[in-house]
Amino acid sequence: MKRTQRKRKEQLFIWICRAATWSAIAILLTLLFHVMREGIEWLDLQFLDSFPSRKPERAGIKSALWGSVWLIGLTAMISIPLSIASALYLEEYAPKNRWTRIIEINLANLAAMPSILYGLLGLAIFVRYFDLESSLWSGSLTLSLLVLPVVVIAAKGSIRSVPLSIREGAYALGARRWQVVFYQVLPSALPGIMTGIILALSRAMGETAPLIMVGALSYIAFLPEGPSDPFTALPVQIYNWASRPQDEFHGLAAGGIIVLLILLLTLNAGAVFIREKLQRYKS
Amino acid sequence: MLSRWIDHTVHLLLALCVVITILTTLVVIVLLGKESILFFQQVPLWDFLLGTRWEPLLEPKSFGVLPLVVGTLKIVFGSIVIALPLGLLIATYLSEFASTRFRSTVKPVLEILAGIPTVVYGYFALTFVTPIIRTLFPDTQIFNAASAAIVVGIMILPMISSLCDDAFQALPGSLREGAYALGATQFEVAVQVILPSAAARVGAAVILALSRAIGETMAVTLAAGATPQISLGFLESIQTMTAYIVQVSLGDIPADGIEYLTCYAVGLLLFIMTLIMNIIGNHFITQTRKLHL
Numbered sequence: 001m002k003r004t005q006r007k008r009k010e011q012l013f014i015w016i017c018r019a020a021t022w023s024a025i026a027i028l029l030t031l032l033f034h035v036m037r038e039g040i041e042w043l044d045l046q047f048l049d050s051f052p053s054r055k056p057e058r059a060g061i062k063s064a065l066w067g068s069v070w071l072i073g074l075t076a077m078i079s080i081p082l083s084i085a086s087a088l089y090l091e092e093y094a095p096k097n098r099w100t101r102i103i104e105i106n107l108a109n110l111a112a113m114p115s116i117l118y119g120l121l122g123l124a125i126f127v128r129y130f131d132l133e134s135s136l137w138s139g140s141l142t143l144s145l146l147v148l149p150v151v152v153i154a155a156k157g158s159i160r161s162v163p164l165s166i167r168e169g170a171y172a173l174g175a176r177r178w179q180v181v182f183y184q185v186l187p188s189a190l191p192g193i194m195t196g197i198i199l200a201l202s203r204a205m206g207e208t209a210p211l212i213m214v215g216a217l218s219y220i221a222f223l224p225e226g227p228s229d230p231f232t233a234l235p236v237q238i239y240n241w242a243s244r245p246q247d248e249f250h251g252l253a254a255g256g257i258i259v260l261l262i263l264l265l266t267l268n269a270g271a272v273f274i275r276e277k278l279q280r281y282k283s
Numbered sequence: 001m002l003s004r005w006i007d008h009t010v011h012l013l014l015a016l017c018v019v020i021t022i023l024t025t026l027v028v029i030v031l032l033g034k035e036s037i038l039f040f041q042q043v044p045l046w047d048f049l050l051g052t053r054w055e056p057l058l059e060p061k062s063f064g065v066l067p068l069v070v071g072t073l074k075i076v077f078g079s080i081v082i083a084l085p086l087g088l089l090i091a092t093y094l095s096e097f098a099s100t101r102f103r104s105t106v107k108p109v110l111e112i113l114a115g116i117p118t119v120v121y122g123y124f125a126l127t128f129v130t131p132i133i134r135t136l137f138p139d140t141q142i143f144n145a146a147s148a149a150i151v152v153g154i155m156i157l158p159m160i161s162s163l164c165d166d167a168f169q170a171l172p173g174s175l176r177e178g179a180y181a182l183g184a185t186q187f188e189v190a191v192q193v194i195l196p197s198a199a200a201r202v203g204a205a206v207i208l209a210l211s212r213a214i215g216e217t218m219a220v221t222l223a224a225g226a227t228p229q230i231s232l233g234f235l236e237s238i239q240t241m242t243a244y245i246v247q248v249s250l251g252d253i254p255a256d257g258i259e260y261l262t263c264y265a266v267g268l269l270l271f272i273m274t275l276i277m278n279i280i281g282n283h284f285i286t287q288t289r290k291l292h293l
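For the record, the sequence lines run as chains R and G. The first sequence begins at 1 in the numbering used here and counts up one residue at a time. The second sequence begins at 1 in the numbering used here and counts up one residue at a time.
In short, the hints are calculated from the structure, not lab data. You may find that some hints are simply not true.
Claimed, not checked - Output of the computed footprint for chain G on chain R, the stretches with three or more beta carbons under 8 Å from beta carbons of chain G:
id : stretch
1  : 39–47
2  : 68–77
3  : 147–158
4  : 228–242
Stated by the list, open to error - Partial selection, computed: residues in chain R whose CB lies under 8 Å from chain G:
id : residue
5  : T4
6  : R6
7  : F13
8  : I14
9  : A24
10 : L31
11 : M36
12 : I103
13 : A124
14 : I125
15 : R167
16 : V180
17 : Q184
18 : Y219
19 : I262
20 : L264
Here a beta-carbon is modelled for each residue, glycine too, at the ideal position from N, C-alpha and C.
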């Protein structure tokens with residue numbers, strides 16, 4: 001093949017690659033633009049402050065929004081201590097042998113398990129076996145199981161990146177293991193762990209399937225007052241509206257999506273902020 | 001003395017938390033197994049795996065899971081056909097051609113696609129993709145496999161592009177330099193040197209993405225319909241394994257009815273399929289990572 005021909009082929013290929021990259025960005029923008037265009041007219045104070053209704057013009061996301069806030073709060077309370085403790089044990093205490101390797105493979109598989117299977121698990125264990133019914137407890141315990149492996153993996157990475165010299169320095173000053181772990185290792189790993197937690201919680205916030213499985217009702221015309229109350233959540237409400245044939249309800253779904261995306265964006269911005277702060281602090 | 005006591009207690013408490021994490025997996029396996037055994041006491045295993053009619057909610061009941069599997073495979077196939085070429089091109093561009101600044105801005109933007117909740121993709125498929133397909137092919141049904149497959153493809157795209165980009169970046173620079181020294185063009189380096197050298201990890205990325213597509217739930221529930229059937233067309237309504245589980249749980253399910261048990265039998269199949277793919281995929285990635293170090 002002639003050199004000019006090969007050169008032309010090269011240029012063409014680079015252009016195709018560039019076009020592919022831009023098309024992915026274009027898809028993202030199209031999605032966001034479509035949701036904005038469909039949902040923006042439904043988005044007002046009345047929408048945020050009304051319960052779901054059979055009449056689209058009077059329907060709102062009050063109970064769904066509060067349900068989601070409750071859920072994420074409870075999930076955070078359950079999963080954060082558990083996952084940090086697990087990561088600390090695996091990185092700082094556990095011997096590196098066949099068992100810990102199996103645990104690591106296990107964690108990777110749990111993190112990739114389809115979320116609907118967590119729903120089946122929650123339905124059989126929390127809803128049926130422990131008889132918690134379709135309460136906030138069932139929902140948040142199920143979501144906790146879902147985020148646990150993700151946070152443990154992130155926290156393990158962050159703990160591993162704490163320099164060994166910090167531990168050695170503390171031991172040299174006569175600190176015990178728990179003092180090294182809690183006064184030295186954990187504080188320096190914390191920003192990384194926080195980033196992992198926030199990202200995992202924002203994933204939990206968008207989860208729909210497991211909540212439907214544990215029976216998050218979509219018509220709830222009251223606010224939950226405690227963790228044993230039935231609930232609905234923003235993604236479940238969005239699903240409910242999107243699955244109806246009428247255009248008005250699709251508009252409502254888009255309005256709900258805008259609120260959900262704004263919440264997720266805020267959470268993610270928080271994660272980025274913490275990461276930036278950490279990098280500046282380290283350098 | 002107190003300090004030593006604390007040391008032991010902390011050790012024990014932390015170990016306890018790990019046990020909870022591990023128990024989850026065991027409980028999933030035991031539970032799916034237990035409920036599935038109850039199911040298979042009523043329905044023979046072979047009728048389930050090889051039966052071609054899935055009608056568990058209507059009389060006469062029939063429990064052949066193949067229509068759900070075919071529906072799932074359609075989504076998986078359609079999504080990978082979209083995501084693999086696009087993902088490879090993006091990864092090549094980011095890793096081989098783009099400036100570091102462009103790369104570090106675009107990568108997080110693509111991650112946003114992965115962070116959008118799946119129910120949003122379902123809405124997008126239903127209200128944006130399906131109308132477009134229906135103007136192109138007027139005899140398309142409202143619920144169809146094509147639009148669900150397209151959005152699932154968009155969903156797994158960042159996963160493929162990011163894992164492939166990592167794979168390309170992990171290759172030693174000498175590989176490229178050697179090829180350039182022999183007079184190869186950038187196209188030849190990317191396609192004939194980089195891609196074959198990273199093949200194992202690209203394969204792993206594809207397997208992990210496929211497993212993600214199999215387990216995808218909300219987009220296919222909203223957009224692909226609820227008609228379990230074995231067919232080849234992408235323009236008609238289907239039902240996937242995940243969508244069936246959601247459909248049953250939306251109705252009130254009696255705790256001891258066969259409908260409740262079918263969920264767990266289908267769930268077990270889903271679990272086995274995704275578990276095998278995840279183990280193979282993760283194994284490939286860790287193996288090749290060791291190879292390059």
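Going through the earlier hints one by one, which of them does the structure break, listed in rising order?
1, 2, 5, 11, 15, 16, 17, 18 and 19
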